[in-house]
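One-letter residues, chain by chain:
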Amino acid sequence: MTSINQTGRRQEWRRVFDRIMKGLVILAVVIAVIPLVLVVWDVVAQGLPAITLNFFTHNPPSPCSTGQIASGSAMCWGGILNGIEGSFLMVGMATLIAVPVGVGAGIYFSEWPESRLSFLSSFTNDVLAEFPTITIGLFIFVLIVETTRTFSAVAGATSLAIIMLPIVARTTEESLKLVPTTLREASMALGIPRWKTIFRIVISTGRSGLATGILLAIARAAGETAPLVVTAGYLNFPPTGLFQPTASIPYIIYNFGTGGDYANWTTTAWGAALALVVFMLILNLSVKLFIGRKFAGVRAEI
Amino acid sequence: MTALPKEKRSSGSKGDLVLKAVVGAAAVGVIAILVGLGVELTSGSWLSIKTFGLGFITGSTWNPPRDIFNVFPFILGTLITSALALLFGLPIGLGVAIFLSERAGRARGLGAALGSLVELLAAVPSVIYGLWGLLVLVPFMREYVEPTLKTYLGFTQLFNAAPFGLDLLTAGVVLTIMIIPTISAVSRDVLNAVPNSQREAMYSLGATDWEVTRKAVLPYARSGIFGATILGLGRAVGETMAVTFVVGNATAIPTSLISPGYTLTSLIVNQFGTTTDPLSDAALVEVGLVLFMLALVINFFARVLVWRMTRSTKFRV
Amino acid sequence: MAEPKSLSGVQPKFETKGLKAGFRTTWVLKGIDLKIPPNRVTAVMGPSGCGKTTFVRCLNRLHELTPGALVEGEALLDGENIYDRRIDPVAVRRRIGMVFQKPNPFPTMSIYHNVVAGLTLNGEGDKKKLDHAAEHSLRGAYLWDEVKDKLNNSGASLSGGQQQRLCIARALAVEPEVILMDEPCSALDPTATAKIEELITQLKKDYTIIIVTHNLQQASRVADYTAFFYLGKLVEFDETAELFENPKEELTERYITGKFG
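The listed protein sequences derive, respectively, from chains A, B and C.
Residues 1 to 302 (my numbering) are what the first sequence spells out, left to right.
Residues 1 to 317 (my numbering) are what the second sequence spells out, left to right.
Residues 1 to 261 (my numbering) are what the third sequence spells out, left to right.
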């Protein structure tokens, strides 16, 4: 052995311990990743059998026993049409509400950061972002459902909008803040008023960040269940009116997953889960492509 | 020096005022939402507050047909499942953060890929974790894990019950999965904020990689890591759907970790619409109010801790 | 390149042979052959980007910790190549102390624990031994009198100059043979600088000191020998007085007379 290297049991133990801890750290990563792999695997394996064209064009089936399913009875097969239309309707409306307000707030945080309102509001915004969504649902329940005496798509959409709002505001603020101050100054030095500077130059420079934020918010809203349980309720058919109970894909997963041990219901739930996961994956991957290209530093993750 | 032409300034500043007013209103709106949350939840639960008073959270009977609504068992359920989630989630989440921040620097591609994978964990909606939990995890817990726990540790009250798989322990496991991305993402940022000179100082004294992490990096980052833990706690307390599928939905006080129970969140979702009298509605809204206050306290606390550690806007979680 | 006359026949404490270092695709050090004498202060000087800091960080194997770092060649400590595959870098760093440009005491540890940090790493648990080592090192760093009553205060509660002396004490506590200093006074005021320069002159009795500096006056005050680097190459190495008064290379002369860098 060389004379530089340290000898003795203590030093040996330090080396061994270092290796053990490195191994544990890697183990932690493996453990963290396993559930993701398992869940995706199961969702694909169990959900794929349900995916047919009919799955997207029919409403859910009635519960069937194994015997009924085996006999090929038509009433045992169905799809998630009601959920697709309901989710589109409510997420769509929510986006229309959340985007203007969220972008507006984000602009205020970015362009007038010194004001007291900015500080208070952006702090509140962060708190809201992490809030239990069931309480947001209950808020809308009291505000809208109890006053209109019905579950409704409007109530569902409003609760989703509140959930989307902080995400849009935060990513708007962060992308606008990335636009260099020199750009703003150059524009105003040319005599262009501040409001035009913000609209024409700042926002258009930061627009892919904004788009990213909106996509992420949509992804989040599309997966929310708890608020919809207490605001939109459920319907076995596509939406019948803005102030009527409305189905959604997450609710289908909840309803048909916990509704009892009917094989066709379970398959429907898995199929809906697969459809939702694919949708989320597409949204998140396109966001990663956006971010990777333009904003290495912005963490727009929820 | 010539004076600036006055005409140009006034039209610009009018537009400025309008813009500022409009986006300022949006900012006010954010605050209004949080305030409105508190107000509406209080008013919606007023009937229940008047009827039960403090007994709402200290009593243990939840009996809808008799119009008795007390939520202590469910507070217990929330506390137990969240504690389990932190117990498992903190070491794993911190381990992932250490990997991504300290080690993955060497193997850049692999580190980034794994980092993205863990973030993808957070993108899967909780209802899907719930479904998977019910149909895959519960049978696993029922057949393998819980009988083993009962056999070897059943002498403690903790594991002394019939293992059905639909219980607080399984809910704790699912919650662990849900909060790992939160803890690891925040911790990773916190660890990255530790100045490199601290690491180098420890290395130059002749320390191994782990010793550098443990003695120089983690102590420096400890308040931020604590903040990450609290944020993880907030996430666990507020999680609804993943828990609903697997927690067992029992209204009695749970006697062991493998007994079924309820959390505050899953109670609301499960009991909603089962009765239609105003008192039960008000009671469920009051549960929401309790959650609201819990979430505010946890969130506020966490944010202050994390903010103190890393004061840059780029960082905000 | 010629060896300074006074060093012929002296066994170098540290000797580099063809030492190259860089990042990813660029070499910062392009092959350095240098013999550092024992128990003397050797200054490493040159304009920014000449590789002096990289050189010094190769001597305690700190350079390789940066992702993408490259190292080639040999560095012999008492005749043994520290880059030999069988050598544990942790052991190398134990024998070489380092003081950084910006003082970096551990803020979560007390002054006492900062000083003995290196010893506790190596498993020293005997309180008496630690106390003794703490006092000895703090005295050696000219800091004992100022902190002896507040050893439990945080390491970060001291002034800049005191913090740097604390870092020196921390390095001394593990009884290294070589002390590397990377512009140790550049973040300090003149009074603190003077104290540390005086300290360095005392320390060389027991340690071999290599100091990176861009301050010509400091080198002439403190260093026995000076090595002049330019663009990754060793241009000249001689006794400080000789180098400054009779530089043999034109580059050296231009640097000393301030014609660049």
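Certain hints may be false.
[What the hints assert, rightly or not] Calculated pairs, DSSO-like style, for lysine-lysine (alpha carbon to alpha carbon, straight line, at most 30 Å):
# : chain 1 : residue 1 : chain 2 : residue 2
1 : A       : LYS177    : B       : LYS50
2 : C       : LYS148    : C       : LYS35
3 : B       : LYS20     : A       : LYS196
4 : C       : LYS204    : C       : LYS129
5 : C       : LYS195    : C       : LYS205
6 : A       : LYS177    : B       : LYS14
7 : A       : LYS196    : B       : LYS14
Derived from the structure by calculation, the hints contain no laboratory data.
Structure versus earlier hints - violations, ascending order: 1, 2
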